[in-house]
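Q: Given next are the chains, with one letter for each unit.
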Amino acid sequence: MAIEAGLIAIGAGLAIGLTGIATALAQKEIGSAAAGAVAENEKVFGKLLIYMVLPETIVLFGLVIAFMLMQKI
Amino acid sequence: MPKQDVKPTRTELIEMKRKIALSQRGYKLLKMKRDGLIMEFFKTLSKAKDVRAKMTQDYVLAEDRLVVAKCVEGEAVVNSAAFAIGHNPSVTMGTKNVMGVVVPTKIESETAKRRVDQKGYGVVGMSARINEAANAYEQLVEDIILAAELETTLKRLVDEIEKTKRRVNALEFKVMPELQESESFIRLRLEEMERENVFRLKKIKTKGQKARKRPVT
Amino acid sequence: MFKPKEMGRAVIIGPKPMMKQTVDLLHKMEVAHILDFVPLEGETEIWIGAPENSSASLNEKLVKMRSGAKLIGLEDWAAPGIEKLSIDEVEKNLDMKIRTVELNILSASEAKSRIEEQLKRIEERICELRPFGGIGIPLENCRGYDGVSVFAGRVSDIKKLEQAISKLTDEYELFSAHGEKSQIALFVANNHRETAAKLLSECGYEEMRVPDGSGIPSRLIAEQESHKLGLLEKEDNAKKSIAELRKRHAQFILASEEYLSAEVQKAEAPVRFATTEHSFIIDCWIPRAKLGEIRSALETATDMEVCLEEIHISHEDEPPVLLDNPKAVKPFEFLLDAYSTPSYYEIDPSIILSFVFPLFFGFMIGDVGYGLLMIASGIAAMRLFGKDESMKSIGWCLMVSGIFASLFGVLLFGDMFGLTFQSGAHSVEGEVVYTWSSILGMDIPIKSLIHKTEASGVTQLLVISVIAGYVHIFIGLLFGIINEWKHDKKHAFGKAALMMILTGLFIFMMNMAGGILARWLESFKGSAPWVFDKLAPALSAGLTIGGMAVPYSTLALSLAGTALLVSSIGLIGLIEVLEISGHLVSYTRLAAIGVAKGAMAMAFNTLGIGMIASGNIAIGIFGVVVLVAMQMLVFVLGSMSSGIQAIRLQYVEFFMKFYKGGGTKFKPFGYERKYTIEKSGKAD
Amino acid sequence: MTGRGNYAYACARVKAKRAMLIPKEAYPRLLAMDVSGIMRFIGESQYSQETQELGIKYTGAETIELVLGKNLAKAHHGVLGFCKGELKELVSAYMRWWDVRNIKTVLRGKRYNAIPEDILKAIVPAGEYDEKYWAGIVRGSSTIEDVIENLKGTEYYGALVKTREKLGGDLSRYENGLEMEYYRRILDSIKPATNAKRTFIDFMRDEIDLVNFRTLFMTKFDGVEPKKIIGMLIPGGKMGKEDLHALANTDGFGQFMELLRNTAAYPAIKDEISQVESAGLNGVIRALEKAHAAAVERMSRLHPLSVLPVMNYITRKEAEIENLRIIVRGKASGLDTERIRELIMVM
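Residue numbers (this note's numbering), protein chains in the order written: chain X, 1 to 73; chain G, 1 to 217; chain S, 1 to 684; chain A, 1 to 347.
In case anyone wonders, no lab produced these hints; they're calculated from the structure.
Any given hint might turn out to be false.
[As the list claims (entries may be wrong)] One-sided and incomplete, this derived list gives chain A residues near chain G with beta-carbon spacing under 7 Å:
id, residue
1, Arg108
2, Leu171
3, Glu175
[Stated by the list, open to error] With a straight-line cut-off of 27 Å between C-alpha atoms, the simulated BS3-like cross-links for lysine-lysine are:
id, chain 1, residue 1, chain 2, residue 2
4, S, Lys92, A, Lys24
5, X, Lys43, A, Lys24
6, A, Lys74, S, Lys120
7, S, Lys234, X, Lys43
8, S, Lys327, X, Lys43
9, G, Lys106, G, Lys49
10, S, Lys97, A, Lys57
11, A, Lys132, S, Lys120
12, S, Lys112, A, Lys57
13, S, Lys665, A, Lys24
14, G, Lys165, G, Lys28
15, S, Lys112, X, Lys47
16, X, Lys43, S, Lys660
17, A, Lys24, S, Lys234
Idealized CB from N, CA, C, for every residue including glycine.
I would like the entire structure built from these sequences, with the hints used as guidance.
A: Structure, rendered in structure tokens:
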């Protein structure tokens with residue numbers, strides 16, 4: 001049981017960690033582009049925010065999965 | 001010549017007649033010269049008119065091209081290109097004689113026009129608009145030199161015509177009438193003197209006849 | 001409310017002599033959104049109008065006044081209570097005053113920039129000299145030799161250099177000063193030049209130009225420094241005199257700038273019109289309700305010479321958008337504009353936005369303490385930046401969100417600054433848990449219905465998030481159907497199909513969370529027996545696929561929805577199924593952010609309160625400092641991320657279901673006056 | 001400098017900048033305004049800082065031209081400032097053209113013996129070297145030779161010395177040498193190793209074509225000998241060497257035009273070619289420039305994360321400044337609106 005619980009916990013950790021990295025990678029480029037555009041024109045901030053936060057859904061999937069896993073411990 | 005200064009002598013009369021003949025000949029000659037000059041003047045004038053019209057036209061064009069160059073490339077770039085023009089075209093002027101009038105003429109004509117590779121700036125990367133402005137101004141310089149030559153000629157001619165005209169007029173309206181007047185004065189005077197002489201002789205003659213008729217008492 | 005104000009398209013036609021009067025009237029009424037005339041290719045009869053003759057000089061004065069305002073720093077100067085000037089007064093001595101102001105400002109700013117120039121030069125000189133400061137030889141000795149080569153610059157390893165050089169020759173002289181990197185001046189006989197250069201480069205040599213001038217560098221630096229001090233004082237005086245000018249002329253410059261701007265706008269208005277030889281045509285949008293009023297005003301002012309004609313709006317026309325919302329909702333319009341102004345023909349979601357955005361924002365914060373802080377900062381923003389329209393809106397949004405946060409804090413989470421009022425039901429034995437009740441030693445009767453930092457609380461939050469998401473997306477799809485209905489019925493059916501799939505998915509998820517729902521709904525059980533006895537079991541009845549219970553209703557709805565989707569917009573619609581499931585999950589960020597913020601606050605609280613409670617005074621004081629700083633951090637970070645996520649849920653998950661945007665804002669021809677008052681005689 | 005370069009950031013930024021340039025629709029209205037109106041108009045856009053600085057001394061077209069010049073230098077340095085790594089390397093290589101231009105100005109000024117202030121007025125420090133550097137060069141040298149010696153250490157010293165040794169110290173030779181050196185260096189030093197460099201070289205080759213065409217038109221128009229023309233053509237463009245030489249070797253302007261008409265090498269200038277004799281070269285050159293700019297625009301869409309959007313912005317910005325200058329200067333010198341409209345480059 002203890003080993004099983006440990007494995008589940010590791011799985012949950014990986015789910016969050018890896019999706020977090022994925023989100024970060026995606027946001028890096030988008031963020032730098034958004035920073036560039038906003039530096040010139042603040043008005044596009046709203047539109048860029050969408051692009052900027054789009055990848056965050058990835059980490060949320062990770063979070064949900066992790067949470068569902070944690071329920072099983 | 002005031003007539004009182006004239007000595008009514010026969011020699012003087014002969015002299016007068018000679019003078020009149022001379023001035024008549026001079027008058028004719030001057031009149032011919034005047035007409036010739038006027039003809040030359042009109043000939044040059046029409047040429048000058050053409051040149052001047054062309055110059056004005058080229059000037060407008062050059063101005064326009066320069067404005068365009070300045071507009072498109074900016075004043076700074078045009079100025080910079082102008083710095084590149086290293087040498088100034090030179091003109092050596094000579095003279096020629098038209099009916100005794102000395103008029104200028106271009107003897108050594110180094111053309112102001114240069115091809116794009118001779119203008120002083122590099123061709124590669126040069127703006128065509130600046131080059132066109134330069135071309136137009138070079139053409140204008142050419143025009144100006146030609147116009148200067150013609151117009152100076154015109155001016156000299158006009159001076160000469162004026163002078164000649166004055167001389168002709170002086171001969172016609174002053175010298176010749178005066179001479180003729182003096183001549184006629186002398187002639188009349190001489191005639192008068194002759195008449196007087198005849199009268200005097202007649203008088204002496206009648207006096208002698210009377211004396212002969214009445215014996216001396 | 002859900003629609004922008006109705007617009008009418010009007011064409012105003014009149015003879016040219018009447019143009020000025022027409023422009024003046026329209027400018028004053030501020031109701032016409034003028035469309036710039038675009039000349040057609042090859043058209044010769046109708047062309048763009050020429051500006052009024054007065055525009056050249058007006059523009060020139062305006063340029064000068066704006067420049068003057070900038071030079072004396074009027075722009076970023078908060079104008080405290082400047083009195084309005086009447087236009088008569090501005091007009092009366094405009095020319096004369098502009099000339100004086102211009103001269104004053106010009107001389108003052110030139111004096112200042114001269115001093116700044118000198119200062120800059122001195123700075124540069126000092127910069128240039130500084131590397132040589134440590135070398136005690138006069139500058140003139142560093143150059144101008146025939147037989148000797150001089151190397152001046154920095155090396156990284158001076159000892160190595162010295163050894164190497166001394167080995168090479170003794171016809172050298174090395175001056176050095178030690179700093180971060182050693183500065184040297186090396187004199188070598190010319191015949192050793194090449195080898196010396198090689199040696200130097202091995203020692204990390206970096207050449208520096210020997211500055212011009214003569215004298216010992218350190219002395220020169222001191223000289224320059226004293227010079228600089230004098231100049232700094234002068235600069236200070238210059239600044240003071242500019243501040244003086246600012247005080248003296250602020251009112252006039254602001255008023256004249258405004259007056260001139262408005263006049264220029266009027267004088268240049270013909271540039272936006274179409275004109276023929278004798279007449280002008282203005283093409284504009286006017287709120288339909290005002291059309292009649294404007295027509296009669298124009299006719300009376302110009303003796304019927306100018307006429308206004310309404311023309312039929314075709315569907316290609318994109319009327320400008322003037323949103324029509326109640327006052328409390330208006331501030332939320334800026335959130336809409338930051339995304340894109342809605343198109344004239346679609347639903348204006350401002351009202352939903354004005355409710356859901358603060359709801360989500362407040363839910364994520366979910367804390368009375370932070371909520372009250374938000375209300376306070378919102379009010380502060382509105383008070384402090386009263387002139388700035390967008391700051392005022394932000395302040396309002398912050399305040400409303402703060403109210404929601406406080407409500408959630410009190411009613412749902414029982415939280416204040418990350419501490420619950422009462423300890424949770426599932427507290428682990430032996431763990432120290434601080435609550436307001438335990439700290440203050442009294443029982444505060446505010447319960448935490450949901451405990452953010454406990455596993456069960458998180459599950460509950462997730463369920464709430466999904467419910468919120470379902471409702472939100474559902475509304476979005478509903479709007480989508482309404483928008484598309486007039487436009488393209490197929491797309492409307494597609495949206496309906498998505499609705500079905502979404503509902504199926506939602507039932508599936510709720511079925512999974514059945515236990516939690518059952519607990520919440522326990523108390524309602526008696527009141528609606530039909531729902532609980534018939535509907536709920538019917539919805540949740542199903543089969544187990546791969547260990548997951550899938551209700552029949554989900555299957556039925558999904559299949560029906562997919563069939564409808566594919567038949568209405570084709571296979572490409574299946575991508576939207578994926579998207580919509582993703583979007584539903586996306587709402588779990590409501591829970592995630594709330595939990596993350598709560599956990600962060602709790603951690604800092606445990607740390608800080610632990611330090612305060614340690615008994616040691618020093619640690620206690622430090623604990624207070626840490627606690628306050630950390631609380632501020634949590635507040636700022638929390639409200640920033642919550643705010644952004646709350647907006648994102650609107651923009652991405654909500655708007656993508658129906659919102660097109662791309663509308664043009666209604667911009668009436670006119671000028672908002674802040675520093676001048678209309679002429680009294682004309683104010684009829 | 002190494003590193004891939006911050007393409008996402010820089011491209012987003014230049015795209016935002018590009019979106020804020022004066023739109024095409026505004027030009028008819030600008031043409032209708034008066035000069036001071038244009039000053040106010042640009043003062044409300046990207047030129048506000050310069051307009052506000054110089055506005056109080058406003059005297060008309062000169063002030064606006066000053067504003068435009070300052071803004072151009074600022075824009076260029078701004079772009080260079082936010083580009084990093086490989087991207088910066090490429091952009092700065094491109095912008096060195098302004099250094100070439102400035103060296104040419106200094107050389108010309110010295111040849112003419114112009115006073116340093118006049119030369120400095122004609123300098124636009126939009127390249128690698130700043131105003132101070134040029135002031136140093138201009139003040140610190142009195143002859144062309146001095147200038148060349150003072151340029152020791154820059155990229156162009158070698159080319160200048162080579163020109164002097166091979167062809168003698170003739171100004172036009174120096175200038176041709178400098179221009180050709182600029183393109184040679186770019187083509188030689190930047191190898192198409194990465195996608196960015198490939199697209200950049202593609203852009204430069206297109207520009208070389210443009211310069212070559214301009215040279216051909218001017219020299220052919222003035223009847224320069226083909227041998228000389230060939231020496232002025234920059235190698236490495238997209239046009240084949242044979243085609244270029246064939247164009248250069250034609251007998252007189254008429255034949256040149258004939259060949260150009262037949263080969264359809266540049267369909268963009270077809271309409272304008274027929275008007276060359278009457279209206280001058282402006283139309284053709286403009287059409288070429290437009291075609292070049294359109295090509296960059298098109299390419300920058302195909303490669304949204306490359307050096308091309310940056311190039312496109314620079315080209316556009318330069319065009320905008322040129323357009324504004326044309327309108328302002330044209331209005332100040334009394335050109336009629338129709339002429340001005342012909343001169344500007346609106347895409």
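Q: Run every hint past the structure and note whether it holds.
A: Status of the hints after comparison with the structure:
{"no.": "1", "hint": "Arg108", "result": "holds, 4 Å"}
{"no.": "2", "hint": "Leu171", "result": "holds, 6 Å"}
{"no.": "3", "hint": "Glu175", "result": "holds, 2 Å"}
{"no.": "4", "hint": "S:Lys92 <-> A:Lys24", "result": "violated, 39 Å"}
{"no.": "5", "hint": "X:Lys43 <-> A:Lys24", "result": "holds, 21 Å"}
{"no.": "6", "hint": "A:Lys74 <-> S:Lys120", "result": "holds, 19 Å"}
{"no.": "7", "hint": "S:Lys234 <-> X:Lys43", "result": "violated, 41 Å"}
{"no.": "8", "hint": "S:Lys327 <-> X:Lys43", "result": "holds, 24 Å"}
{"no.": "9", "hint": "G:Lys106 <-> G:Lys49", "result": "holds, 18 Å"}
{"no.": "10", "hint": "S:Lys97 <-> A:Lys57", "result": "holds, 16 Å"}
{"no.": "11", "hint": "A:Lys132 <-> S:Lys120", "result": "holds, 12 Å"}
{"no.": "12", "hint": "S:Lys112 <-> A:Lys57", "result": "holds, 16 Å"}
{"no.": "13", "hint": "S:Lys665 <-> A:Lys24", "result": "holds, 21 Å"}
{"no.": "14", "hint": "G:Lys165 <-> G:Lys28", "result": "holds, 12 Å"}
{"no.": "15", "hint": "S:Lys112 <-> X:Lys47", "result": "violated, 43 Å"}
{"no.": "16", "hint": "X:Lys43 <-> S:Lys660", "result": "holds, 17 Å"}
{"no.": "17", "hint": "A:Lys24 <-> S:Lys234", "result": "violated, 48 Å"}
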